[in-house]
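Number of protein chains: 2
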Amino acid sequence: VTPETSGVTVNPPAHGRGQPRLSQAHAPLTETVEVVNEWGERRQLAVPAERDLTLYLDKRELVTLMTLGQHPEWLALGYLRNQRLLQSVNEVAAIQVDWEVGAAAVTTHQGVADLEVRTAHRVVTTGCGQGSVFGTLMDGVDQLHLPDAPPLRQSELYRIVQTIRELPSVYKQAGSVHGCALFRGGDLLRFVEDVGRHNAVDTLAGWCWLQPPDQVPDTGLVLYTTGRLTSEMVLKGAQMGVAVLVSRSGSTQMGLALAQRLGVCTIGRALHQRFLCFTHPQRLRWDAPPPRP
Amino acid sequence: VTPETSGVTVNPPAHGRGQPRLSQAHAPLTETVEVVNEWGERRQLAVPAERDLTLYLDKRELVTLMTLGQHPEWLALGYLRNQRLLQSVNEVAAIQVDWEVGAAAVTTHQGVADLEVRTAHRVVTTGCGQGSVFGTLMDGVDQLHLPDAPPLRQSELYRIVQTIRELPSVYKQAGSVHGCALFRGGDLLRFVEDVGRHNAVDTLAGWCWLQPPDQVPDTGLVLYTTGRLTSEMVLKGAQMGVAVLVSRSGSTQMGLALAQRLGVCTIGRALHQRFLCFTHPQRLRWDAPPPRP
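Residue numbers (our numbering), protein chains in the order written: chain A, 33 to 325; chain B, 33 to 325.
Hints are computed from structural coordinates only; laboratory data are not their basis.
It is possible that some hints are incorrect.
Each pair may be met inside one copy or between any two copies, as identical chains are not told apart.
Unchecked claim - Taking lysine to any residue and the SDA-like style, the derived pairs with C-alpha atoms no more than 25 Å apart in a straight line are:
#: 1; residue 1: Lys204; residue 2: Pro325
#: 2; residue 1: Lys204; residue 2: Leu303
#: 3; residue 1: Lys91; residue 2: Arg197
#: 4; residue 1: Lys204; residue 2: Ala289
#: 5; residue 1: Lys204; residue 2: Ala181
#: 6; residue 1: Lys204; residue 2: Asp180
#: 7; residue 1: Lys204; residue 2: Gln175
Given the structure is predicted, the values throughout are model-derived calculations rather than measurements.
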């Protein structure tokens with residue numbers, strides 16, 4: 033038991049076997065490079081960091097993720113959650129990230145059954161980052177049931193868009209990253225960024241699992257993404273209980289088809305007061321229509 | 033020998049064993065959906081099509097790609113080229129795409145050695161679409177040598193940006209797709225789109241392999257992408273002999289690091305007359321600086 037984990041070990045939270053022990057790996061999020069502009073002038077520019085993180089589950093190498101490195105422990109956990117290789121955070125004993133070797137070692141208490149078989153088939157998707165989804169992922173789709181909840185109000189939607197616009201971010205410093213945020217109604221719970229939007233949403237999924245149950249509500253969750261509303265984004269959101277998905281980008285056909293099937297309200301092209309609701313408009317209440325132009 | 037392939041069989045091109053037989057699978061590229069805008073009004077919107085294409089190489093299932101479906105035969109070929117599972121188009125006997133079952137069957141003349149071993153390790157990257165790269169891909173990087181060539185002129189760069197802006201596209205109709213184009217200097221050779229930018233560049237790589245050798249020059253190739261300048265984009269471009277890569281987006285750190293190492297000139301944030309040259313500015317000639325604002 034190392035000093036930074038002893039508290040967790042001594043005081044396990046009420047909701048299970050105890051939180052996993054986590055490293056707290058840090059690394060710089062931007063780098064400055066020299067570029068030349070259209071007049072041939074040299075200038076300095078910040079670009080987002082990008083590093084590889086090889087994920088080991090009980091010493092078995094699973095995948096190498098290219099990541100910004102903002103929250104690698106949450107990313108590792110959320111990746112395993114969203115790939116459904118873990119059913120509960122209580123299975124996890126420890127997540128140790130070491131940037132020196134670019135490795136995230138996830139250790140479970142009792143091992144993961146059929147790991148070899150379950151990681152044998154891959155699907156490559158439209159995801160920015162982390163396009164690889166092990167093949168049986170869609171099999172459980174029809175078992176997902178999203179909770180009934182009061183609709184999101186248009187005024188809350190506008191607060192979400194406004195909140196995102198005002199947040200400090202790696203994007204504002206350096207561009208070229210995707211952001212993902214979890215809201216309850218119009219209230220921000222957590223914002224993360226990564227070079228790929230699927231890393232970002234996986235990081236949120238990992239973060240969720242590490243919260244005490246009363247910190248992340250069962251209903252009223254809204255997921256905001258700067259990326260497109262793809263089928264993977266809809267699915268990963270739904271696995272977190274998200275029934276409303278918001279993007280400033282558009283949607284792909286499969287994203288819409290899956291949202292339709294799962295009962296997810298998808299809202300795209302959300303910028304200032306504009307937006308388009310693609311699916312399940314009954315989950316949105318038009319309480320604040322903007323003035324006509 | 034079917035009617036549409038008999039010409040190829042009878043008249044093999046001079047550069048090898050003969051072109052592969054190709055199906056010509058077609059499918060609609062957009063779909064119209066009903067959406068609700070910020071005033072609660074229903075309207076029609078086009079979204080890009082997205083369909084799954086499972087790729088079989090000599091009857092072995094390799095991967096399922098989510099694709100717009102514009103040029104599935106070129107995509108299948110280019111994917112195998114960029115994964116370095118094929119060394120030459122002459123290895124390929126036929127590519128048959130059937131949208132009824134969502135399958136692309138690629139048949140080689142003599143089989144692919146060590147296929148099982150070479151597809152065992154995966155890396156998940158930041159790529160939009162097709163983020164999965166079999167693990168040994170970066171191994172051959174230092175064997176890539178890009179040709180010396182006269183620098184691209186700034187005036188040609190502006191012509192590239194202008195050409196892209198004026199092209200009809202699925203993006204203009206429906207948004208939410210990435211475009212990729214191959215140029216020689218400022219002259220467009222081929223433009224393709226897909227839901228993921230890696231599918232788009234793979235499609236170009238497949239198209240290149242199907243051209244007579246005198247149609248695609250060895251030097252002076254420029255690759256334009258609407259997506260970010262990531263390491264995979266740099267690598268896939270370099271494998272086509274591309275020494276200048278242009279994007280309207282920015283760059284990630286690994287994209288720049290790889291471009292630096294390979295000698296690729298990367299130009300980002302290219303919009304109207306603005307741009308930033310990130311790496312190897314000696315491959316660009318500033319012959320047309322715009323007026324100062």
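Right, here's what the structure says about each hint:
no.	hint	verdict
1	Lys204 / Pro325	between (29 Å within a copy, 23 Å between copies)
2	Lys204 / Leu303	both (16 Å within a copy, 19 Å between copies)
3	Lys91 / Arg197	neither (41 Å within a copy, 49 Å between copies)
4	Lys204 / Ala289	between (33 Å within a copy, 22 Å between copies)
5	Lys204 / Ala181	neither (34 Å within a copy, 36 Å between copies)
6	Lys204 / Asp180	neither (36 Å within a copy, 37 Å between copies)
7	Lys204 / Gln175	neither (39 Å within a copy, 37 Å between copies)
Hint compliance for this structure: hints 3, 5, 6, 7 are not met, and every other hint is.
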